[in-house]
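Please put together the full structure from these sequences, using the hints given.
This is what each chain is made of:
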Amino acid sequence: MNENLLWVEKYRPHKIDDVVGNEEAKAALLYWLKSKRRTKKAVLLYGPPGVGKTTLINAAANEFGFTVIEMNASDTRSEKAINAVAGPATSFVALDTFSTKSKGNVLFLDEVDGIAGNEDRGGVGAIIKIVENARIPVIMAANDPDIDKLRPLKKVCALIRFQPVRIPLIISMLQKICQKESVKAEFEALEKIAQNSRGDVRSAINDLQSLAEATKTLTLDDTVTLSLRNKDINLDETLRKYFSVKSLAEASKLLSWSSVDYDELLMSVGDNLPLRYTDPQALAEAYDFLSQADMFRGRIGTENWHLLKYFFNCLVLAAAVSPDTYQPFKLISPPIRIITLFWTKGKRTMLEGICGKIGVRCHVSRATAKQDFVPFLKMLLADQKSSDLISWLELQPEEVDFLMNMKKP
Amino acid sequence: MAAPEDAVMWVEKYRPKTLDEVVDLKDIVESLKSFMKNPKIMPHLLLAGIPGTGKTTIALCIARELFGQNWKTFTLELNASDERGIDTVRDRVKDFSRYSRSAFGNVPFALIILDECDQMTGPAQTALRRIMETSSRTSRFILICNQSGKIIEPIQSRCAMFRFSKLDKKAMVDHLCWIAKKENVKLSPEAAESIVEYAEGDLRHAINALQTAAAYKDGVVDEKVVAAVVGEASPMQVQILLRKALYGDFVDARKKMYELIGEFGFSGSEIVRQMQRELFKMSDLKAEQKADLSNIIGEYDYRLTQGANSDIQLSALLAQFAKVGKAQAQGETS
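Residue numbers (our numbering), protein chains in the order written: chain A, 1 to 409; chain B, 1 to 334.
For the record, the hints were derived by calculation from the structure and aren't laboratory data. Owing to the predicted nature of the structure, the values given are computational and were not obtained by experimental measurement. Some hints could be false.
Unchecked claim - When the alpha-carbon atoms are kept at most 27 Å apart in a straight line, the in silico DSS-like pairs for lysine-lysine are as follows:
no., chain 1, residue 1, chain 2, residue 2
1, A, K129, A, K155
2, B, K281, A, K407
3, A, K407, A, K357
4, B, K224, A, K378
5, A, K41, A, K15
6, B, K13, A, K378
To be verified - Computed footprint of chain B on chain A; a stretch qualifies when at least three of its residues, placed anywhere within it, have a C-beta under 8 Å from a C-beta of chain B:
no., segment
7, 267 to 280
8, 335 to 343
9, 346 to 356
10, 368 to 379
11, 387 to 398
The beta-carbon is built from N, C-alpha and C at its ideal position, and this holds for glycine as well.
As structure tokens, then:
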């Protein structure tokens with residue numbers, strides 16, 4: 001078995017019964033799939049991410065012998081694009097139908113709430129048209145069905161609601177994975193992961209993998225970082241995939257699909273590169289690509305987004321310096337920079353304040369004060385007769401203390 | 001509150017008050033003096049040169065010569081690297097030209113000294129050029145920078161430019177001895193020379209070192225004291241950073257880098273500049289090695305100006321150093 005596989009992929013259920021939670025929704029979808037005379041031609045599954053919408057459809061297709069024609073709506077969203085991909089699939093009978101295995105096609109439009117913005121005008125209309133003209137069942141999935149622009153869809157779809165998966169179900173699922181991966185895990189740690197996921201099975205499994213894969217053990221202490229990165233799950237997932245890519249093509253596909261903030265991605269890749277590449281040669285090479293990516297990021301600024309492809313290209317090159325050396329490791333996130341700046345803010349503010357005072361007195365900038373005055377001042381203050389210096393610079397006692405005790409820059 | 005006249009830092013206490021007192025800048029002083037005789041013809045000025053060579057001092061002297069005792073009322077001092085953006089600069093210039101009396105005796109303008117202009121971005125400089133134009137009836141600008149090349153052409157063409165080069169060593173030694181005499185410090189000629197050697201033409205640095213050395217051992221400054229003070233004041237953390245990187249210890253070097261960014265608030269370019277300076281002080285490296293490493297620093301110094309995240313460029317620089325360090329270590333053992 002491929003060891004570098006993401007656990008969410010490795011343990012994705014292939015049978016309907018194995019999909020955890022959301023029993024009502026499962027039953028409703030099965031009923032809709034089985035019924036000969038459907039009142040509505042399409043069905044819209046909606047609910048928070050990671051609760052098993054896509055998984056359920058693939059599992060159902062597997063059991064019923066459907067061929068799923070999948071389209072990710074956030075990828076190709078305009079009317080033209082939707083018609084180009086989905087049009088033929090819905091109005092012609094696919095060759096597959098004649099094979100004994102396949103019992104017909106199902107069109108699956110994932111992330112239909114990704115249809116947004118001006119460029120996609122007509123996207124929803126196109127989907128409705130497809131549903132109306134379709135000769136095969138259409139299944140759609142969305143994270144948030146209450147968005148205004150999806151409202152027209154509700155008229156032509158049966159709605160099936162998915163809810164966050166209950167915590168005990170997630171815990172037992174994690175336990176099963178731990179058993180198969182021979183991870184020794186404390187129950188409390190698994191409980192923490194499950195609670196933290198808020199019913200999102202995918203993120204729970206991803207968290208488990210990132211915390212336990214490298215060490216094969218998991219304690220409650222390991223999970224303290226979880227609350228910090230609650231919002232970075234998307235980033236984590238992207239990073240994990242990014243570092244385990246085996247080819248340039250794979251990496252570029254991943255990046256073009258990911259929706260993480262580019263600067264955050266850059267910084268996080270920068271933090272994790274030393275863990276990914278242990279050989280100095282490879283590390284230097286990867287950082288060089290990353291540095292070039294950063295230069296493109298600089299040139300993009302806020303408007304030259306046409307340069308984004310070059311940015312991605314460099315980022316991709318950094319991921320694929322030596323694909324065969326990949327070993328799973330514990331990701332660093334959130335970015336070290338953000339954490340460092342947070343913890344050291346007090347010290348920095350104090351130093352800036354002092355340098356401002358020096359600047360006023362000695363006609364220099366804070367930066368110059370920091371470099372050219374602070375080291376000498378620190379020594380002068382150690383002198384007994386420095387009180388007139390302190391009063392001339394109008395330093396507060398706590399500022400004097402700070403200067404005396406601070407590390408030499 | 002102590003008045004600036006009773007300045008305690010010697011750099012301030014002995015900062016020349018008139019153009020005549022200025023050390024070793026005869027040519028510049030002579031041409032400026034003609035403006036002082038007839039202020040009406042004084043253009044905007046651009047003073048460019050390495051730190052500690054008297055640019056700010058000259059600007060302040062001009063202010064004093066033009067406005068006498070009341071110079072502070074008619075002078076706005078701004079530091080571009082301290083202000084948050086061109087908008088603050090514009091607001092402060094606007095406010096200043098509105099409220100200050102823009103005429104004093106035969107001086108038909110107020111003076112705006114803008115230090116470290118080369119820290120401003122291109123767009124900010126374009127905006128500055130506009131500000132200079134709109135307020136030119138009431139104000140004269142003295143722009144100060146380290147590298148005139150970083151100042152956009154339109155601004156350069158609007159200013160009379162004066163270049164400041166490294167100060168003459170002899171003049172610096174004399175000046176240090178003069179201060180020492182005034183302060184009753186016993187400064188040996190050798191010690192004075194070693195301070196000057198260390199300061200590399202930066203008089204401010206030299207005077208700070210002298211004052212610290214004088215406090216170090218009760219007013220007796222010899223070569224030993226200078227060496228101790230200079231060693232103590234040199235950028236320790238950057239040295240450690242360099243060492244770690246060159247030992248191939250990339251992860252630790254990167255930790256150090258974040259310490260410098262976090263605790264001391266150094267910017268990427270400040271760290272790179274210090275690395276460059278410290279590199280050449282490392283006695284255990286061969287000249288060719290230094291040159292190669294310096295090339296790498298230069299490349300990433302440039303990339304810093306192009307990039308968006310200085311951490312990335314610094315990390316990449318350290319990774320290059322670690323690679324070189326590792327390769328050299330292997331070359332020596334095999």
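Hints, verified against the model:
no., hint, result
1, A:K129 x A:K155, "holds (12 Å)"
2, B:K281 x A:K407, "holds (21 Å)"
3, A:K407 x A:K357, "holds (20 Å)"
4, B:K224 x A:K378, "holds (19 Å)"
5, A:K41 x A:K15, "holds (24 Å)"
6, B:K13 x A:K378, "holds (19 Å)"
7, 267 to 280, "holds (count 5)"
8, 335 to 343, "holds (count 5)"
9, 346 to 356, "holds (count 5)"
10, 368 to 379, "holds (count 8)"
11, 387 to 398, "holds (count 6)"
When each numbered hint is compared with the structure, no violation occurs for any of them.
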